[in-house]
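Enquirer: Given chain A's structure and the hints, the job is docking chain B onto it.
Respectively, the protein sequence lines represent chains A and B.
In terms of this note's numbering, the first sequence is numbered consecutively and its last residue is 288.
In terms of this note's numbering, the second sequence is numbered consecutively and its last residue is 288.
Derived by calculation from the structure, the hints in this document are not laboratory data.
Quick reminder that beta carbons are idealized off the backbone N, C-alpha and C, glycines included.
Hints are all accurate, no fakes.
Example chain A residues on the side facing chain B (calculated, C-beta under 10 angstroms, incomplete):
hint: 1; residue: Arg11
hint: 2; residue: Glu101
hint: 3; residue: Asn106
hint: 4; residue: Gly113
hint: 5; residue: Leu135
hint: 6; residue: Ile156
hint: 7; residue: Phe166
hint: 8; residue: Pro167
To be clear about the criterion: a stretch of chain A counts as covered by chain B if any three or more of its residues have a C-beta under 8 angstroms from a C-beta of chain B, and this derived list gives those stretches:
hint: 9; region: 137-146
hint: 10; region: 158-165
Residue-level listing of the chains:
2 protein chains.
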Amino acid sequence: MVVLRTVPAARKWVQAARSAGHRLGLVPTMGALHEGHRSLFVEARRRCDRVVASIFVNPLQFGPGEDFDRYPRSFNLDCKIAKEEGIDAIFAPSASEMISEPPEINVSPWRMGELLCGVSRPGHFTGVATVVAKLFNILQPNTAFFGQKDAQQAVILSRMVQDLNFPITMVVCPTIREQDGLAISSRNKYLSPQQRERATVLYKALHHGEQLILAGILKPDRIEAEMHNVIKAAKGVELDYAEVVDSLSLRKVKKIEGEVLLAGAVRLGKTRLIDNLIVRLAKKRQKV
Amino acid sequence: MVVLRTVPAARKWVQAARSAGHRLGLVPTMGALHEGHRSLFVEARRRCDRVVASIFVNPLQFGPGEDFDRYPRSFNLDCKIAKEEGIDAIFAPSASEMISEPPEINVSPWRMGELLCGVSRPGHFTGVATVVAKLFNILQPNTAFFGQKDAQQAVILSRMVQDLNFPITMVVCPTIREQDGLAISSRNKYLSPQQRERATVLYKALHHGEQLILAGILKPDRIEAEMHNVIKAAKGVELDYAEVVDSLSLRKVKKIEGEVLLAGAVRLGKTRLIDNLIVRLAKKRQKV
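Chain A on its own, in the form it takes in the complex (with noise of 0.2 angstroms):
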């Protein structure tokens, strides 16, 4: 496994990798890896010949006031668990190499980032999409594998490779979750036990309103007050938002049909914890 550090090392390593007529996989990483990036490179690996993992914490996807210096950082030991899992190029750019002065061009998802996350989160997708459009640019995979963990960044980067023609296969893997449901997640290393034990709430309340929907409750206003008197009984945890929404557009529903995604976000102290759920209605189901 080959660690790159700057741009133009990782250029002349996917040229190889291309010129030999390899398809090249991208895992965008902040890092910090955990069970949910193993999942991710266990599936590059099966869909691409060679794969590139990208760690880098990007400080443009950070507000004032939010992690970016105490955001959990692990090289080392990422790297072991990149090279165990059969990774073949970490891209690890300082932040100088990645961004050497502000952005003046950035891509903006406007509506869909100002939506869920963004509202609490002003800017973060604009963050987002633009380093991860430099990521495209550089390492120039055929596919990139993101997580449904993240499910609105999944959304708006889907959504950029489609308005924005890049020619990329984008792949979201399951979110993978612990033994009770928590999703995995770096944050979750801030969280004291107390705070590990009452985080299972989320969960629990995106999957209480998916059985309320598959009970035939398809109402979202109703859906979401449901969740929200979950998370508001929890102590020690306060409720961002948890909303339905469009899996898709991103846009409220007046009815619930098709394909809808749960998504929430929930603070325990200091640490700030996202979950979703997707939920499909058969077409039977909805005529019921």
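Expert: Structure of chain B alone, referenced to chain A:
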């Protein structure tokens, strides 16, 4: 010369050209080809093994009430000109092929798009950058060719390539002018004979500004006032703007030094024309 009408057809042609090891040049145009475009084609042929010209009147870069509907379209003549200049492929998608639905994710120049022409054309440069990013991703050129005539566009797109790491070399070719100095533009066709005569005032104003700078007048306000006066003295010509800015950042400068851009726009009836000059001051002169 092949005419490519769809994104898949374009990708296939590009793939074949790149697999054969050809260096690919792209000249993005809105058609209505003229001597300015010819000069881009010549430069592209000189530098690249294969050249594709795109012809697409981009609806995203026209505002409400602008000339999208009446913008000159001359596809057969354009093909003749492209063929004469040795262009290998024309990419001429329909509007629906290129933009199947309004993009949710845009490439946004923010500040750089709000200056100069951006004041009277809000959203214009977001439309330009978004569609050029699409063209870059569809046609994947090694080198892209633009005219200095559209100075702000050239600066923004060069910055886009830098900020988003497109693996593309930008070449900006000199403005081609009529004998009397008028910059050649597809929109010159809109002018009545009388307006055509009056239209040279924009170049005259910029040239006057340049002469004053080279004579040692280094206060931007003074240069701008002089250029304004030239334009305001002309009959039937309305000043949009005439400014002195840094040639890379497009920021206002306090003192003229190094390289500045003199850029202006005027209206003659419904027709809006732009032009610009880059003025480089030698270090020797700066020290005088």
